[in-house]
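Sequences listed follow chains A and B, in order.
Using full-length UniProt numbering, the first residue of the first sequence is number 1, and each one after it goes up by one.
Using full-length UniProt numbering, the first residue of the second sequence is number 1, and each one after it goes up by one.
Since the hints were made in silico from the structure, they are not lab data.
Even glycine gets a Cβ: it sits at the ideal position worked out from N, Cα and C.
Be a bit skeptical, because a hint or two may be false.
[To be verified] Below, computed lysine-lysine pairings styled on DSS-like, alpha-carbon distance capped at 30 angstroms:
1) B:Lys-176 to A:Lys-293
2) B:Lys-125 to A:Lys-293
3) A:Lys-293 to B:Lys-119
[Stated by the list, open to error] So, partial list: chain A residues that the calculated Cβ filter (under 7 angstroms) puts toward chain B:
4) Leu-128
5) Trp-149
6) Arg-153
7) Pro-290
8) Ala-297
9) Ile-306
There are 2 protein chains.
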Amino acid sequence: MYIISLPRQRIKFPYDAEAKESLLNILVARQVFIESPCGGRKSCGKCKIKHLGGELSPLSVDEEQSLTQKEIEEGIRLACHVCPAGDLEIDVIDQEENHPVLTGGYVPEYKRHPAIWKKVIEISKPTLADQTPYEELFKKALDLERLPWEVLRRITMGNGTYTAVYNQDQLIGLEKGDTFESLYGVAVDIGTTTVVASLIDLRTGEEVDSEAAINAQKNFGQDVLTRITYVLEHEEQGREQLQSAIVGSLNDMIRTMCVRRQIDPAHIYEVAIAANCTMMHMVLGVDPLPIGKSPYAPIFVAEKEIPARDIGLTALSAFARVYCLPAVSSYIGADIVAGAYVARLHERKDKVLFIDIGTNGEMVLANRGELVSCSCAAGPALEGMNISCGMRAADGAIEDIHFHPETGFALEVIGQKRPLGLCGSGILAVIRELLKHDFINARGNLVKPEQLEAGDPRLPYIELDGKKRMIRISEEPGKLLITQGDIRQVQLAKSAILSGFVALVNASGLSFADLDEVIVAGQFGAHLPVDSLVGTDILPSAVQEKVSYIGNSSKTGAYLALMSLEARQEMSALARSLDYMELSMTDGYERIFVDCSQFKVK
Amino acid sequence: MYIISLPRQRIKFPYDAEAKESLLNILVARQVFIESPCGGRKSCGKCKIKHLGGELSPLSVDEEQSLTQKEIEEGIRLACHVCPAGDLEIDVIDQEENHPVLTGGYVPEYKRHPAIWKKVIEISKPTLADQTPYEELFKKALDLERLPWEVLRRITMGNGTYTAVYNQDQLIGLEKGDTFESLYGVAVDIGTTTVVASLIDLRTGEEVDSEAAINAQKNFGQDVLTRITYVLEHEEQGREQLQSAIVGSLNDMIRTMCVRRQIDPAHIYEVAIAANCTMMHMVLGVDPLPIGKSPYAPIFVAEKEIPARDIGLTALSAFARVYCLPAVSSYIGADIVAGAYVARLHERKDKVLFIDIGTNGEMVLANRGELVSCSCAAGPALEGMNISCGMRAADGAIEDIHFHPETGFALEVIGQKRPLGLCGSGILAVIRELLKHDFINARGNLVKPEQLEAGDPRLPYIELDGKKRMIRISEEPGKLLITQGDIRQVQLAKSAILSGFVALVNASGLSFADLDEVIVAGQFGAHLPVDSLVGTDILPSAVQEKVSYIGNSSKTGAYLALMSLEARQEMSALARSLDYMELSMTDGYERIFVDCSQFKVK
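I would like the entire structure built from these sequences, with the hints used as guidance.
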């Protein structure tokens, strides 16, 4: 194992040099995203990195053509062309000033124009002869007709120098002294399972720190419907519990980053949130019940801009704001709008499918700028839940697997530890291998041992529990067994996702072959290799060569909302123009679903 | 003792028929205020009451002329003319529909136009084919471009019928079902010592209930400066403690009234508050420190309209509002603006002095519509504090006293109980009698027993403690002693008030004789009879015949702010036009104060 380090980004990780993968793929797999519009197909010449030290493959002819002489002298290389073979030290090149690297997601270009800004003012001091109230002094100094109550209530006497904090054209706070240099925001993606947050310097766009946590709402149910049911059963109290669970997680994460970076939380003025529609209702404390019940009309989808204290976000400035990105419907949330925007779907002239794979599978088809979306309930199988030996992607989780007739199952385990279970990518890999080697047939049924000839290399891995057949993927008897039930769980997930895909493509009068690109989004999706997605028939083989990964585009959308009012407007316009197809109302959808439940590939 | 009852107002109280006082005076002393613009001088013919039962003096010639034949047949009488002589049952006549009786205060005419109003709407229900979010349905039904966050966050699914609650043109809430008939507000006067609140039906202006309580901030200090010092020493925590003390009192009072009248607190939508400037800062949680420190510039004086939840007022609708009446300066608060407005000072064409006597004495001189105010620190002596045998106006408190050379001190005790101490009015009465009978001289010094001849009727009441002289007002030796220190406390209070009065009149180029009326405001002031105020030289004898009482005009101002947007506007205009004279900056004020410290009258 060798190490790749990115000293400027404070990133360091081990990689497998024997896999002979391109540096681009290695970086993307580790969620270090750099611009690569061609998706690694060596055609765009944009994925520039700077070689600082260590071994690299020699300059290719393509690189010599794409790079200037100056770039070559400076050690610039194209990440899709180079193949590291030892310890390596590199720097990721920002394409321009406004194009920083964000942990876990590719950031497109944007116009830097944050909603929050500051101005330093001086006020005159009252005297016995002129007892003008402070409110009037500030109104005069700030040229305002009215001092907002939220500002007034927090005024305290100072030495005359104050810093006014604005949200667009609205004064939101007054701070004693000159605090001009300290201006931070937080970009947040709230997933049903995971929450990630980045602390951003709003003056520069720099990501100061990032943090991830398990969504504390998991105590109230693993999926959104269970949590909505909890609210139904516990009414307002339940709503408050779910809200304070997630808000508590956010407060904790913000505090952790502030302590680590020695930043005063009072200088954080905005939190931008992208999330699915249920999470957005819950973090705001809005009634989620309509989302869980036909006809699935949510309370709101439009963007929201509200005081952070209103929802209990207190680990920041007392007058901080929350900006919530817009959604489309109950099952196409702000996370998908953010993703579609980060993927520039609204600007694409070709045909692109954007897909976010998780407990719900959401997808957007962009057909020459026309956007249609749909959503399907994949269930948590692909994330390692409801699988008999499923587990989270932690040390001991099998993340990939290969079956060789001679040597049996070869496992790749996170942390090179003793295998404990299967994480999401491991589960897909198992199903892929079981299909490839005919352990299961197109209907998803496990092969019966009596159908196999003696000496068949698969026989030793089939275990029986009465009439129940199971596949053992470990060498230890009775350990790491794949059941028929596990296979059904994956089959259901894949039927749901693929049938949505088919329904969308059908409705647009397209075929899979017409698609120019399939963009896989999400932190989770980034861990699902193309060969597993296609090998398990979640994505049809027709798109195998067209898959690219965009990372956590939900958080990136939140980042853009923090940094650019223009991005906010464009995301709102995108949300309004994005059509939603309710699959349960789509003619012939049931037949599509049944068709898609078959494993077609080998 | 006979009983007067007002069945419609649910008021019943005993009175002394032998005092042969006019019914008007008896009612006013009990804080049942009826319109009497002439102040009981039998000239306006407005103080109409309806005689329902019991003995009354016969119809006077004046009454025959003032009343119509129909009124006489209905039993209408003028309260200033009739003299009750036994048990009596009456009704107070509202001059017109918009002219209700408010506990403890006279209510002038006003235009009924509350800020809060309701509208019932129906929304269409979403379907699977049309999953329009609820936010959009409400925007359409209410013809709004934006649904305020405060409204949206509280939306829950209903059967399609909702009641929209507005604050002027702003939607503030949506209630499930039709709640049109339930619309309440609360008018509050926060005094440093006492808090009073009236629950008002906003549809009719009717006072549904009223409640009084001790300001729970008393635990942090009796006067405003001690409480400000507490905040100085305990910083933000102290500010929060003082805020939650007073807000807690308000929540308790509102709950008590709601339980008693079986009204759902969720149907209370507005609380209008009048208070002095320090109390207003403290109830809103705004920094009061600048008020306590030269140059005494407050944070704010302008009217405020804010969410009730922001200050912790929770015993009412979650989206209720608080309206705070405007003030003039740190020491001329919204209570005085309210009083000046209720007394119609801005409309008076003559010369009127308005005075509110309490721990602080605030006064407004209206000189043909020009209003000037000043404030003086009277100290708590007139409210029975810092007096060796002082107490609150409760059972056992001496409220009046008379000295007869033959029979000694005759005490009037609240509740006809054994005398325990002196309340404010009792203290003034004592000083009045001591002055009248030369127990003390013009400089406030107690007479020495050696200066008196043997057999002087005063001698038995002078007690000596070493060289210290004291006046015993009870027959029991050593009980109820008035010390030289007690006299000095009252003397300081009287100097402060009278000197303010003199400074104001001087500054306007007037003399006392020029004044057409002196209006005494405040719950406490209503208990101070003219003969005590003049007899202790707090008010000069030149105004003795011109004194009238207006009751708790601070709460009445809050009531008008609840019931009439026009009254709000007029009060704000009045506050802006009211000049403030800082006594400490006034030439010659020190000399005036020294002059006023002398007791001039006998």
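For each hint, the structure was consulted:
no. : hint                   : verdict
1   : B:Lys-176 to A:Lys-293 : 19 angstroms, holds
2   : B:Lys-125 to A:Lys-293 : 13 angstroms, holds
3   : A:Lys-293 to B:Lys-119 : 29 angstroms, holds
4   : Leu-128                : 4 angstroms, holds
5   : Trp-149                : 5 angstroms, holds
6   : Arg-153                : 6 angstroms, holds
7   : Pro-290                : 6 angstroms, holds
8   : Ala-297                : 3 angstroms, holds
9   : Ile-306                : 5 angstroms, holds
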